[in-house]
Amino acid sequence: MASETTNNSVYSGPAKVGWQWRKLTTPNWYVPLIGLIILLVLPVFITASYYRHVLILVFLYAAAGEAWNLIGGYGGQFSLGHAAFFGIGAYTSTILLNAWDVSPWISMFLGGLLAILMSLVIGLTCFRLRSHYFTIATIGFAEVLRLSALYFRGLTGGAQGMTIPYLGTAPAMYQFDSKVPYYYIILFFMLLTIYLTHKIRNSRLGFYLLALSQNQEAAQAVGVDVVQAKQLALSISAFLTALLGTFYAQYLYFIEPASVFSLDTSILMPLVSIIGGIATVLGPIVGAFLIIPVRELALNLLGSSFAGAHFIMYGAMLIIIILVRPAGIIGILSQGYRTVISKLPGGKEN
Amino acid sequence: MQWDILAQAIVNGILIGGVYSLASVGLNLIFGVVKIVNFAHGEFIMLGMYITYWSWALFGIDPLLSLVITMPLMFLFGVIVQRFLFQPILKAPELAQIFMTIGLQILLQNLALAIFSANYRSIPTAYGAIAYHLGPIVISAPRLFAFIISVVLSAALGFLLLGTDLGKAMRAAAQDREVAELMGINQNYIFLIAVGLAAALAGAAGTVVMPFFYAYPTAGIAFGLKSFVVAIAGGLGSVRGAFIMGLILGAAESLGVQYVGADAGMLVAFIILLVVLVLRPQGIFAGGRL
Chain U
1 MASETTNNSV YSGPAKVGWQ WRKLTTPNWY VPLIGLIILL VLPVFITASY YRHVLILVFL
61 YAAAGEAWNL IGGYGGQFSL GHAAFFGIGA YTSTILLNAW DVSPWISMFL GGLLAILMSL
121 VIGLTCFRLR SHYFTIATIG FAEVLRLSAL YFRGLTGGAQ GMTIPYLGTA PAMYQFDSKV
181 PYYYIILFFM LLTIYLTHKI RNSRLGFYLL ALSQNQEAAQ AVGVDVVQAK QLALSISAFL
241 TALLGTFYAQ YLYFIEPASV FSLDTSILMP LVSIIGGIAT VLGPIVGAFL IIPVRELALN
301 LLGSSFAGAH FIMYGAMLII IILVRPAGII GILSQGYRTV ISKLPGGKEN
Chain A
1 MQWDILAQAI VNGILIGGVY SLASVGLNLI FGVVKIVNFA HGEFIMLGMY ITYWSWALFG
61 IDPLLSLVIT MPLMFLFGVI VQRFLFQPIL KAPELAQIFM TIGLQILLQN LALAIFSANY
121 RSIPTAYGAI AYHLGPIVIS APRLFAFIIS VVLSAALGFL LLGTDLGKAM RAAAQDREVA
181 ELMGINQNYI FLIAVGLAAA LAGAAGTVVM PFFYAYPTAG IAFGLKSFVV AIAGGLGSVR
241 GAFIMGLILG AAESLGVQYV GADAGMLVAF IILLVVLVLR PQGIFAGGRL
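Those protein sequences? They're chains U and A, same order as listed.
Mapping to this note's numbering: the first sequence position 166 is 166, numbers consecutive.
Mapping to this note's numbering: the second sequence position 202 is 202, numbers consecutive.
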């Protein structure tokens, strides 16, 4: 992405509109655009409901990983408690839907606000903790919420969870009969998180986060309000994660503490980031495209062979990737990507 | 309030708390010396349970006697984990280290599921139903034995750390790796011993609970999480803090179950964790020493 300016400097003379169009003839622009178009038309070609489902999960966890990456990657605060926000989003919209028929399109923002409130509580108590203490404290918060959701049965249905009444296709109530609308909604969310991450990375907040994640004392010494920057990143991250929690509830029609508040959910968000490449804009996307299909397909193929087979593969894959490339695999991919791009028409070598 | 019920709950809690202590001192040993937070620690405990179970099922060995099998086997297991999984990532980013241990946790849990199935396995013993009466308080024999063995093993670790050259080398490596290296301490060797010992202690914790608990593939999760609470609240890296905090957590949890509800045990544990972190982030007994 950084090379685009040098690429276009030759065309800096002509009128602005012409310059905009020129951009599209360089591979740095048309390759992602082609990728986007492929994602947009994919449901036309992939008609099997199961594969659509896998893609929806990929986008969901890509978006969630992207949201986590804001505070966990750029901010360097390794939260393992993001299920707290995810679950708040899922439960807020579902409780309001079941009690007062509030449309999830509205209540998802309320869930987002509650998640921000939760992020303030976590921020106030945990941001002065260092590395491992912070990580384990965030697990503590998510676990307290999970156990509370089990305990306050009257509100949450306890361990039995909550179901969302099926209405068929009811767009106003965030319900659709087909998987296609869900596909586009979650694709939109994924693109939104990519866009926001890209924006934030190049903003003042992004530079503050970069500085404080490398050396907190030094960042403080040059006048960065460390606590405020971390809090802002965590709150944005929490808000986005809660919106995804509402999506999850509306898509699966069923939530329970063991799914939305689970440690497994908390683990999956940083997992896609670290597999893809932590603190990079596209890392979580790459990670989700690698991890989620393997997880789902292994469950489908191996699930019946013997108990635990797919998780054995999943755990082994995790260990091997970390042994081979602890920094994630986006490094290799982006190198290959750059080589390919430079050879495409309009690339540097042409 | 009935005082005998209160006293009974506290005694029960302290007895199981001894096992939490034993599990947590190992977790703290790994963190203190190798600087890795071991999310698979609960699974080390689970392995100890299964070794004990199979020693009994196949060879008829009494669960408490099987300590002499569990501890060496788990020591070896810990050495292998350190050599092939932890050592290559000692300088990797913290999050990569965390995910290595999470990967190991997922792997061990599901290997256990695949090999041993999801069945709950328990061992009937001659002393399983014996109880001692101390005034109005009833002390169950297997829990008392578990407590005594846990305290003895924790104390043995304390003696090893304070009274031997090996322990001194470990404490030195915990405080400053580079200086320790300069003093001629072979780091990698010390790390192997530390993780081996921690795994052996975790395995022992799994063994001593078998006369009154079940082995199943996810049995380690609750123990692992509680070890975390104990280790953090006691002061991460402080073996002494972990020991005392284990007893406190056991008692608090037992009171929660007695007076709030059956599923309040974990909730109490995590609330303690959060309160300690807010009031005293470095842990109650933190002195920076092992």
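Treat the hints with care, since some could be wrong.
Said to hold, decoys possible - On the chain U side, residues computed to face chain A include the following (Cβ under 10 Å):
1) Leu129
2) Gly140
3) Phe141
4) Ser273
5) Ile274
6) Leu290
7) Met317
FYI, nobody ran anything at the bench for these hints, they're computed from the structure.
All C-beta atoms, glycine included, are put in the ideal place defined by N, C-alpha and C.
To see whether the hints hold, each was checked on the structure:
1. Leu129: 5 Å, holds
2. Gly140: This interface hint holds because 5 Å falls under the 10 Å limit.
3. Phe141: 7 Å, holds
4. Ser273: Because about 9 Å separates U/Ser273 from the closest Cβ in chain A, which is inside the 10 Å limit, the hint holds.
5. Ile274: 6 Å, holds
6. Leu290: 14 Å, violated
7. Met317: 8 Å, holds
The structure does not agree with numbered hint 6 stated previously, though it agrees with all others.
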